[in-house]
Amino acid sequence: MSEATAAPAQSRANQKKELPEHFRDYKHVWVFIEQERGEVHPVSWELLGAGRKLADKLGVDLAGVVLGAPGEGTRKAVKEAFHYGADVAYLVEDPILTDYRNEPYSKALTQLVNTHKPEILLLGATTLGRDLAGSVATTLLTGLTADCTELAVDADGSLAATRPTFGGSLLCTIYTLNYRPQMATVRPRQMPMPARDEAKEGRIVEFKADLDEESIITKILKFIPDRESSKTNLAFADVVVAGGLGLQSAENFQLVRNLATTLGAEFGGSRPLVQKGWIGADRQIGQTGKTIRPKLYIAAGISGAIQHRVGVEGADMIVAINTDKNAPIFDFAHLGIVTDAIRLLPALTEAFRRRLSPHQRDRLAS
Amino acid sequence: MKILVCIKQVPDSAQIRVHPVTNTIMRQGVPTIINPYDLFSLEEALRLRDKFGGEVTVLTMGPPMAADSLRKALAIGADRAVLLTDRFFAGSDTLATTYALAQAIRKIQEVFGEQDIVFAGKQTIDGDTAQVGPGVAKRLELLQLTYVSKIENCEPEKREIIVERRAEGGVQILQTKLPCLITMLEGTNEIRRGTIDDSLRAARAEIVTWSAKDAGIADLTKCGLKGSPTIVKKVFAPTPRSDRAALIEPAKTAAESAEALIGAIFAKKASLESDMAKLASGS
Ligand SMILES: Cc1cc2nc3c(=O)[nH]c(=O)nc-3n(C[C@H](O)[C@H](O)[C@H](O)COP(=O)(O)OP(=O)(O)OC[C@H]3O[C@@H](n4cnc5c(N)ncnc54)[C@H](O)[C@@H]3O)c2cc1C
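If you're matching them up, the sequences are chains A and B in order. Quick note: the first sequence, position 211, residue 211 per our numbering, numbers continuous. Quick note: the second sequence, position 48, residue 414 per our numbering, numbers continuous.
It is possible that part of the hints are untrue.
[Said to hold, decoys possible] Here are the computed lysine to aspartate or glutamate pairs in the EDC-like style, where the Cα-Cα straight-line distance is at most 20 Å:
#: 1; chain 1: A; residue 1: 222; chain 2: B; residue 2: 526
#: 2; chain 1: A; residue 1: 295; chain 2: B; residue 2: 641
#: 3; chain 1: B; residue 1: 635; chain 2: A; residue 2: 282
#: 4; chain 1: B; residue 1: 516; chain 2: A; residue 2: 226
#: 5; chain 1: B; residue 1: 592; chain 2: A; residue 2: 18
#: 6; chain 1: B; residue 1: 543; chain 2: A; residue 2: 331
#: 7; chain 1: A; residue 1: 79; chain 2: A; residue 2: 21
#: 8; chain 1: B; residue 1: 644; chain 2: A; residue 2: 238
#: 9; chain 1: A; residue 1: 219; chain 2: B; residue 2: 518
#: 10; chain 1: B; residue 1: 600; chain 2: A; residue 2: 99
#: 11; chain 1: B; residue 1: 644; chain 2: A; residue 2: 316
#: 12; chain 1: A; residue 1: 219; chain 2: B; residue 2: 585
#: 13; chain 1: A; residue 1: 222; chain 2: B; residue 2: 615
#: 14; chain 1: B; residue 1: 543; chain 2: A; residue 2: 214
#: 15; chain 1: A; residue 1: 325; chain 2: B; residue 2: 615
#: 16; chain 1: B; residue 1: 618; chain 2: A; residue 2: 350
#: 17; chain 1: B; residue 1: 543; chain 2: A; residue 2: 212
#: 18; chain 1: B; residue 1: 634; chain 2: A; residue 2: 212
#: 19; chain 1: B; residue 1: 592; chain 2: A; residue 2: 21
#: 20; chain 1: B; residue 1: 634; chain 2: A; residue 2: 156
#: 21; chain 1: B; residue 1: 516; chain 2: A; residue 2: 282
#: 22; chain 1: B; residue 1: 635; chain 2: A; residue 2: 212
#: 23; chain 1: A; residue 1: 222; chain 2: B; residue 2: 521
#: 24; chain 1: B; residue 1: 634; chain 2: A; residue 2: 331
[Said to hold, decoys possible] Covered by chain B, according to a simulated footprint, are these stretches of chain A (three or more residues, beta-carbon under 8 Å):
#: 25; stretch: 156 to 166
#: 26; stretch: 213 to 226
#: 27; stretch: 312 to 320
Since the hints were made in silico from the structure, they are not lab data. All C-beta atoms, glycine included, are put in the ideal place defined by N, C-alpha and C.
Model the full structure from these sequences, guided by the hints.
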């Protein structure tokens, strides 16, 4: 994305694609499989799903790129990459790659790209993916489109990467015409999770990166995992209940938590609640917070600003509770009720409890 | 310590409106601000200076009016401001931006001395790419520490720094050497207001203004549109959903409204009820 201007570059927008000679043998679609301490970030599978479509359209292979310490965790990530659709896995195993550090990871990935020449390289827009993608794209002097919401292949075979701009008020489609690889990052939960196919296998290409610990300056002194309690599952929850400024106080936000607890759901909120300290930053939903894709999303006292909307549009059903019948949230919610959330939430919690709990139902019947 | 902070002047995107017919951004009258994420980095730079002595230089690339943001940074407490401005930079994407900034930083080192730390914002609120920091680091071959939540320890004589960095699923405590590039996370420190002395000084301060040539940028093909591998082909507004929400009529009591709403939810998607019963019973 243009840092300086979002206006279409008219002078170049219609420019004919003339890929320089040395880029013409760049082929195949690659997905960086983000793997740490034996755990793969699910955005990698979502990207394989998106990458599959691009590869099929281009008639090329889909590859997963796995970097990590030699061992079972790394090998398991490779196997899983095949199950989620990769035809090939590029595997770089080295003890230096045990934990993520920018220096060895960007070196290894750059070397791999220069050797095996992909035409498209996708990474998750996670803290790791963004840290890595920026370094690799700059080293390769190629284009990188951040936080894409849609990826497509154009008639002439170029990657069309669409992303929000100006805080989500507009979308823009960006091309990297004359450079390779075409790089993009995509946020977790932006793309649907593809089906897993246990039977699918693939080819492993091992790669020995030129790395040595002596020359790596940054050392990891410690890794402190998040407490289990603060690890929110918001992005992957089936049901999410969220509140906004309409709740009027931190105390009233408890009503959202109560409903969430009753439903076995995750809770979240709009950005102002984070700024007011009513909820933690990892509970923010939206463009600068988390993208979610639940089966049911209940939004109480949230106006539905565009920055909030882009984070929830993947939900199967959006239910809005708002006192203002003209609130923008009713433009994209499926169901709504124009009423005071502070009064409705406790009643809703109670009614759901009755309806969903078998014990309660038995007791009522007897 | 000599510390450099890259900042950007951005439109206050909370106040941006999109023209309903032409789908273009209506910039007129939209106030500009220093990119909010840059302020966390600026504050951290000022703290290091206050602790170890030295000076903080702020750098921005932008149109001449970006000088306003530099003046605001001086009023907060920065010691020197450099504006890199030239029509050759128009239309720069992140790669071209990092080239120009890196060249300007080289020039700053030449004129004002080696910089121990370069700070940048985590991301901007208009471009939102989070790529300029890593890009500048790569161009200058600096070690890079992004998403830093805390500087645990810094020992300028030993050229050593220890930081706490947000990673996936936890925090890393990293040790590295100066010089390095750091981007700070939001909310890590409280941004100071600057003293009256600072604002008086800022009002009078001379802003060092460089063209591409002044900054020693000879290769203009790496700048602006020419130097940008990405091109924006299309800008458009998100498509509105065609149907508005089906509205449930509120009943006399909240309990009745709740029943009606739940009924409508499960009528629309019957399979939800059994899914949710499972969730609610914790299985
Ligand atoms: C760069 C940028 C990034 C942003 N990123 C995000 C983001 O990631 N996520 C996000 O959410 N926002 C984000 N925002 C902020 C966004 O623009 C909105 O300001 C925000 O979403 C509004 O929050 P809200 O709906 O809770 O509050 P408000 O806009 O104040 O809306 C409150 C709503 O509650 C209703 N209400 C009032 N009382 C009641 C009641 N008793 N019962 C029911 N309804 C009631 C009102 O009618 C109103 O619609 C971002 C903004 C910018 C500029």
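Exercise. Mind checking the alpha carbons of residue 644 of chain B and residue 238 of chain A for me, to see if they're no more than 20 Å apart?
Key: holds, 11 Å
Quiz item: CA of residue 600 of chain B to CA of residue 99 of chain A, is that 20 Å or under?
Solution: violated, 39 Å
Quiz prompt | Satisfaction of hint between residue 350 of chain A and residue 618 of chain B, Cα-Cα up to 20 Å | solution = Measuring from Cα to Cα gives roughly 17 Å; hence the hint holds.
Quiz item: Are the Cα atoms of residue 516 of chain B and residue 226 of chain A separated by 20 Å or less?
Solution: holds, 16 Å
Quiz item: Has the stretch 312 to 320 of chain A got at least three residues whose CB is nearer than 8 Å to a CB belonging to chain B?
Solution: holds (count 5)
Quiz item: Are at least 3 residues of the stretch 156 to 166 of chain A within less than 8 Å of chain B when you compare beta carbons?
Solution: Check passed, 4 qualifying residues.
Practice problem: Starting from residue 635 of chain B, check that the Cα of residue 282 of chain A is at most 20 Å away, please. | Solution: Roughly 29 Å between the alpha carbons, so the hint for residue 635 of chain B and residue 282 of chain A is violated.
Practice problem: Compare the distance between the alpha carbons of residue 543 of chain B and residue 212 of chain A with 20 Å, and conclude whether the hinted pair is satisfied. | Solution: Distance of about 17 Å is within 20 Å: holds.
Quiz item: Is the Cα-Cα distance between residue 634 of chain B and residue 331 of chain A 20 Å or less?
Solution: Distance ~18 Å between residue 634 of chain B and residue 331 of chain A Cα, so the pair holds.
Quiz item: When you check the alpha-carbon spacing of residue 634 of chain B and residue 212 of chain A, does it fall within 20 Å?
Solution: Violated: residue 634 of chain B and residue 212 of chain A sit about 59 Å apart, past 20 Å.
Exercise. Would you check the hint for residue 219 of chain A and residue 585 of chain B, treating anything up to 20 Å between C-alpha atoms as holding?
Key: violated, 36 Å
Quiz item: Straight-line Cα separation of residue 222 of chain A and residue 521 of chain B no greater than 20 Å?
Solution: Between residue 222 of chain A and residue 521 of chain B the Cα gap is close to 19 Å, so the pair holds against 20 Å.
Checked against the numbered hints given earlier, the structure breaks hints 3, 6, 7, 10, 12, 13, 18, 20, 22 and satisfies all the rest.
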